[in-house]
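Each chain sits in its own coordinate frame; assemble them with the hints.
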Amino acid sequence: MSIFVLTVALFISKVFLTLAVATAAYRILRGPRAQDRVLGMDTLYVNAMLLLLVFGIGSGTTLYFEVALVIGLLGFVATLTLAKFLLRGEVIE
Amino acid sequence: MNALADLPPWASVMTSLLVLVGSGLALVGSIGLVRFKTFYERVHAPTLGSTLGLFCILAASMLYFSMAQTRAVVHEILIGIFVTTTTPVTFLLLVQASVYRDRFEGSDPLAGLGEDRAVVKTLVPSSGIANGSTAPPGC
Numbered sequence: 031m032s033i034f035v036l037t038v039a040l041f042i043s044k045v046f047l048t049l050a051v052a053t054a055a056y057r058i059l060r061g062p063r064a065q066d067r068v069l070g071m072d073t074l075y076v077n078a079m080l081l082l083l084v085f086g087i088g089s090g091t092t093l094y095f096e097v098a099l100v101i102g103l104l105g106f107v108a109t110l111t112l113a114k115f116l117l118r119g120e121v122i123e
Numbered sequence: 577m578n579a580l581a582d583l584p585p586w587a588s589v590m591t592s593l594l595v596l597v598g599s600g601l602a603l604v605g606s607i608g609l610v611r612f613k614t615f616y617e618r619v620h621a622p623t624l625g626s627t628l629g630l631f632c633i634l635a636a637s638m639l640y641f642s643m644a645q646t647r648a649v650v651h652e653i654l655i656g657i658f659v660t661t662t663t664p665v666t667f668l669l670l671v672q673a674s675v676y677r678d679r680f681e682g683s684d685p686l687a688g689l690g691e692d693r694a695v696v697k698t699l700v701p702s703s704g705i706a707n708g709s710t711a712p713p714g715c
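Chains A and B supply the protein sequences, listed in that same order.
Sequential numbering of the first sequence, starting at 31, is according to the numbering used here.
Sequential numbering of the second sequence, starting at 577, is according to the numbering used here.
Keep in mind that the hints were calculated from the coordinates and are not lab data.
Computed from a prediction, not measured in an experiment: that's the story for all the values here.
Ideal Cβ positions, reconstructed from N, Cα and C, are used throughout, including at glycine.
Treat the hints with care, as some may be off.
[To be verified] Which bits of chain B does chain A cover? Going by a derived footprint, with three or more residues having C-beta under 8 Å, they are:
#1 580-588
#2 601-611
#3 615-625
#4 630-642
Okay, chain B solo, but in the shape it has when bound (with noise of 0.2 Å):
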């Protein structure tokens, strides 16, 4: 059974290409989260598949669904700008959690940056590392 609908060439080779290269960038930033090193390097990884990789298959998405049903098709946006408002939100409370819990073992991740300690001490106040008052869970 075959529910693909029959599109006008160019919309077809349109959508191909849009998934194709939307896949492509999801497996490239997933491929990152394999082969790098440290957990501050793989952070930077799989945003590259869930921002443009996701955008490339919500057009594709929008494309086919406004071509096969003559008429446009936008929800896909929803997805499009939760995810991307979302994903920074998270992964910003995510390296909070792991500086803390490096900090926590004695070992400054952001030692020998310079400059740039400063600015981020601020952002992760070091008041209860000093203290020792909680252990973080589930080293």
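Here chain A stands alone, though its shape is the one from the complex (with noise of 0.2 Å):
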């Protein structure tokens, strides 16, 4: 029973998260301004590591918890480079 209601709980939000990518994918895709793109990839990071986390939980497994840690590091750094890119249109100065 318990076993059961974890599965649905576990479905139900690998829906959710997933449709949080699609429309932060719809975002980077459509966004008008350079700065909605890299907010939208941002969004997609986190929604993408939230998804690992949940699929971590799923399979039992602790891999997906390194994984997620590994693209919270990444994230922040890529859009970080990004925003200062815009800022100043060059990284290392």
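See the structure below:
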């Protein structure tokens, strides 16, 4: 019984997060300006990280956690670098 | 194949609720990213998913693995600390870049805000804009 509840909840949660990733991808493709696309990419990173954590709960292995940690680290660097590029026109001065 | 551990009922229901609330918040934040009109409104929406949504899912993961492995599993706190400290920094820099680009094109997004404008003006120095030396890339 408890396994059934958890399975259904994890499935609904995966559907929600997939829709969230899809809306972020829509903003990346559609975004009128560059900063909208950067914002959409940051949202996509965070949502994909949450999706991996939910997958990790579903599969029971801690491997997904490490992937989520790496995404959390690298997504920050990517967004910061793109924002710096939009501000200054170059990344390393 | 079903790899889910057989948890006690309260832990299972608790994990399910936390996962559902967290993913629902992330979805609401992402829908806000699509539905808001201007960039400065859109910046607010995704932080819903990256703060409370992230915390709910991390709490669900910690609860599940702690109950399944019968020992405390708290290394998810690392992700929580890292994302909550870095998200404000990136969005602050992104909004700063956006204000700079809008002013470079001649439309000041902060016009008509009254006294708030003097505060923001100190954050974004306008000297580089007046000279027009560097054009922002990829408009």
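Hints, one by one, checked against the model:
Residues of the segment 580-588 of chain B with a Cβ under 8 Å from some Cβ of chain A number 8, which satisfies the need for three, so the listed coverage holds. Check on the segment 601-611 of chain B: 7 of its residues sit with their Cβ under 8 Å from a Cβ of chain A, so the three-residue criterion for coverage holds. Counting residues of the segment 615-625 of chain B whose C-beta lies closer than 8 Å to any C-beta of chain A gives 5; at least three are required, and the coverage claim holds. For the segment 630-642 of chain B, the stated coverage by chain A is satisfied: 7 residues place a CB nearer than 8 Å to a CB of that chain, which reaches the threshold of 3.
Hint check: no violations occur; every hint is consistent with the structure.
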